[in-house]
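Please model the entire structure based on the sequences and the hints provided.
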Amino acid sequence: MSDAPMNERRSGANLSVPNADALDKAADVEGRSLWQDAFRRLQANRAAMISAIVLIVLAFICFVGPAFVPWSYEEIDWDILEATPPNFETGHYLGTDSLGRDLLARILQGGQVSFLVGILATSVALVIGVAVGATAGFMGGRVDQFLMRFVDVMYAVPLMFFIIILMVVFGRNFYLMFLAIGFVEWLTMSRIVRGQTLTLKNKEFIEAARASGGSTASIILRHIVPNVLGVVIVYVTLTIPQVILLESFLSFLGLGVQPPMTSWGALIAEGAQEMEITPRTLILPAVCLSTTLFCFNFLGDGLRDALDPKDR
Amino acid sequence: MWAYFTRRLIIAIPTLWVVITVAFFLMRLAPGGPFDQEAPLPPEIMANLKAAYGLDQPLWWQYFNYLGNLLQGDFGPSFKYKDFSVTELIGQGFPVSIQNGAAALFIAILFGIPLGTMAALRQNTGADHAAMTVAMTGIVVPNFVVGPLLALIFGIYLRDTMFALPVAGWNNGAFPNRILPVICLALPFIAYIARITRASLIETLRTNYVRTARAKGLPFRMVILRHAFKSAMIPVVTYLGPATVFLLTGSMVIETIFGLPGIGRYFVQGALNRDYTLVMGVTILAASMVIFINLLVDMTYAWLDPKVRYE
Amino acid sequence: MTSVLEIDGLTVSFSTPDGDVSAVSDVSLSVEAGECLGLVGESGSGKSQTFMAAMGLLADNGTATGEIRLDGIDLLSANEKKLNTLRGERIAMIFQDPMTSLTPHMKIGRQLSEVLIEHQKVDARTGRARALDMLNRVHIPEAERRLDMYPHELSGGLRQRVMIAMALMCEPEVIVADEPTTALDVTVQAQILDLLAEVKDNLDAAIVLITHDLGVVAGLADRVAVMYAGRIVEQGTVGDIFALPAHPYTQGLLACTPRLDVETEALVTISGQPPNLQNLPSGCSFHPRCKYVVDQCKSERPALEAMDNGHIRACFRPHVEVAQ
Ligand SMILES: Nc1ncnc2c1ncn2[C@@H]1O[C@H](COP(=O)(O)OP(=O)(O)O)[C@@H](O)[C@H]1O
Ligand SMILES: [Mg+2]
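Residue numbers (my numbering), protein chains in the order written: chain A, 730 to 1041; chain B, 3 to 313; chain C, 8 to 331.
Mixed in with the good hints, there may be bad ones.
Stated by the list, open to error - Pairs of lysine-lysine, DSS-like flavour, derived with a Cα cap of 25 Å:
#1 B/K232 x C/K114
#2 B/K82 x B/K52
#3 C/K88 x C/K128
#4 C/K128 x B/K309
#5 B/K84 x B/K52
#6 C/K89 x C/K128
What the hints assert, rightly or not - Label pairs and their computed distance ranges (CB to CB):
#7 C/G79 x B/T139: 45 to 55 Å
#8 B/T127 x C/K298: 16 to 26 Å
#9 B/T8 x C/R132: 38 to 48 Å
#10 B/F222 x C/G163: 39 to 49 Å
#11 B/N174 x A/G900: 53 to 63 Å
Since the hints were derived computationally from the structure, they do not count as laboratory data. Note that beta-carbon positions come from the ideal geometry of N, C-alpha and C, so glycine has one too.
So this is what it looks like as structure tokens:
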């Protein structure tokens, strides 16, 4: 007995290997309960839940609110023509800016621009990032090498400068802005998706799907995309505030949205000119912007904690 | 290792060339030129101006001419600052920006790493949550908000007290003039570094080799400093690449707010005025800096992780 | 002989957002100087956590109750400072994964000598000389050169030798080897086991050999304890465990271990899933997978009962019935 076999030793109590079909189903079930667990954990996270509610309320106010504000964002109140404190009689609930435009209406309009840019630019980044990342990860080989080398090169370029050049060259066009921002933000997304795809590619249920004769496209759609989704949702939630920040930065420098349209960044720039007399014109849009960024970040962190099984 | 860096340098050249080429043709695609003004100039003056700057030549000629001059360190004349060449402007502006950036980087490391370390060691306690909420605030309150606010507080509200600080101008780099811009640039940076340090140290503390070090009976301080810290710094070093970009864009904001004669402000002014050569010059400089810093980061890796050293 | 390490009624649980995990329940074990105790069980059965508790290395969310005494000193109530005078000096642990258990940015020599420098206050030169000596003793070729190498420059087998050398630096009274061969190639596994056998013969240390593989234990251990779902289900001399396994789980494990001396047709496995520690089955934790299950097993938990020769087991069924 003491000369028990030293080689050919296999691990002790192995479970028998279930068939591929069962594994496929197991993966689905696992997927569902993973989402349920994640949702429960997210609900338990107070900061994240409060952030989500604040964001929904803020977005709602920005898009629906203007209907209830007596002034539009571009309308100049010719009776005033200067910055004034809040006045309910004239309907300037938060006062006016230095040109006599309604501050509340402008902040709401600025919020619309921020939310829209945040969502549209992130969608652009998402589509490109997922397409490139999943393709690179799944195809591997030359394609992968080429795409990732390209991403590396793009990383080494200060793209902010190019966004600004683009904005200058093609005029400060709203659509161009979110396209340009989206084109910058997809890089990280593609890396994350590629990494996820690589780890998933070799998991059993993908092997099983491949063995049972699924086409590459259907494997990507049915198995890879849903599994990558968790990470992507987290990253999207964290990209939106970055994009909003970027837009505000451009607008602050006068390179973003053009008057009379406005955005929180542009309002902050205007406010900074007036702050000596009316700090309100600086502080109110700044608070809105910071709150939004804060909430997106907390929500993103919360989602990450909820979806990352490592951090139980 | 040297072969590796040579290879990196060789890759850097085409990257830079792509940057130059794309920027050059993008700028030239722009409708309207640098001499467009509200009242149009008489045609013959316009033609003279264009000839003086070589803009009447074919595009390809301008391109190769530009490349040729670039190789000799000549970025061409500025279109708007008529008496200066871009090289001169950059020569004046670059030191200002680099000094502010380096000071901000230094402050950020000095405060960010200890803050993140402390948070990691007290993970999930009140102190940790407080530190990370403050850090998050530093990130979500952008420096174009902090800048005006600081200017409001120190330049206006505290104007007549001992805390008053200059809020505009460079004054040849006088110390008080640097304080607010550097703080403004450093704040979000401290926050990022603290967050990265915290996350990475927590990760490192979970590694098997930290467990081994503890199993050896080493005091906790020694476990952290000798076994955990070096690896935990890898993501922080990695962040220095993006941080350079961050400092460059940050310099656009603070130099605009505080009226500093740095390359960030030149770039913004250049972009608003369609000062092609100035914008190109700063872009090329920025790209070279990012490439250079990434190279430095790689060298630091080799020191932090012996595996890299031998590959 | 008295035991150097005594574990008495140890319970380890982890609090997680999804409920408490009881990783170790009411475990009692002891080892004597010069003796090798094998601790066997499927992965997840609580073998490692038992000794992580002894080393004071439980994760932050874990708590241990009961008693663990090293030569009379209570380890569970010792503070970090006290523990640090014992860990590495009087009780040492070798971990499963040699690839990740050494600090990547430190040279081997320094990682070895720092144990001595810390505990015995020797100077750096003595530390280095002793490290070299120890590398030779664990048969690392070209030991002198290895001192100045980084972990990634060594193979897995060599790294595990370094881990063993590190554990031996202060000649501790207790050495815990947690799956020391699991991560290694088969041929290297045998070499490491030979080295451990040599350590056992040359030192008077108590050795705990943790493994999920009965085959590993066979050549080395004097006594074997079998763990299932956080509890000891059987314990006895290595001879008794292999010849007269008295718990159905031990029998299952034995049947899974391929042996050259017995013709086996196919690799036998224990059917069913390892238990969920958050929601253990009622009664005997093993009953859902047991061939010999009776109603009593589902409602009551069998206590450890003594048989002859210090052999104990926790099972309601008579031994004869259970024996194959
Ligand atoms: N920090 C922790 N939090 C929650 N559960 C844990 C933790 N550490 C270990 N466990 C659980 O304790 C159980 C026993 O683990 P362990 O002792 O490592 O098993 P093994 O017998 O394989 O060495 C496992 O099921 C594991 O999931
Ligand atoms: Mg284990």
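Problem set entry | Broken hints, by number | 4, 8, 10 and 11
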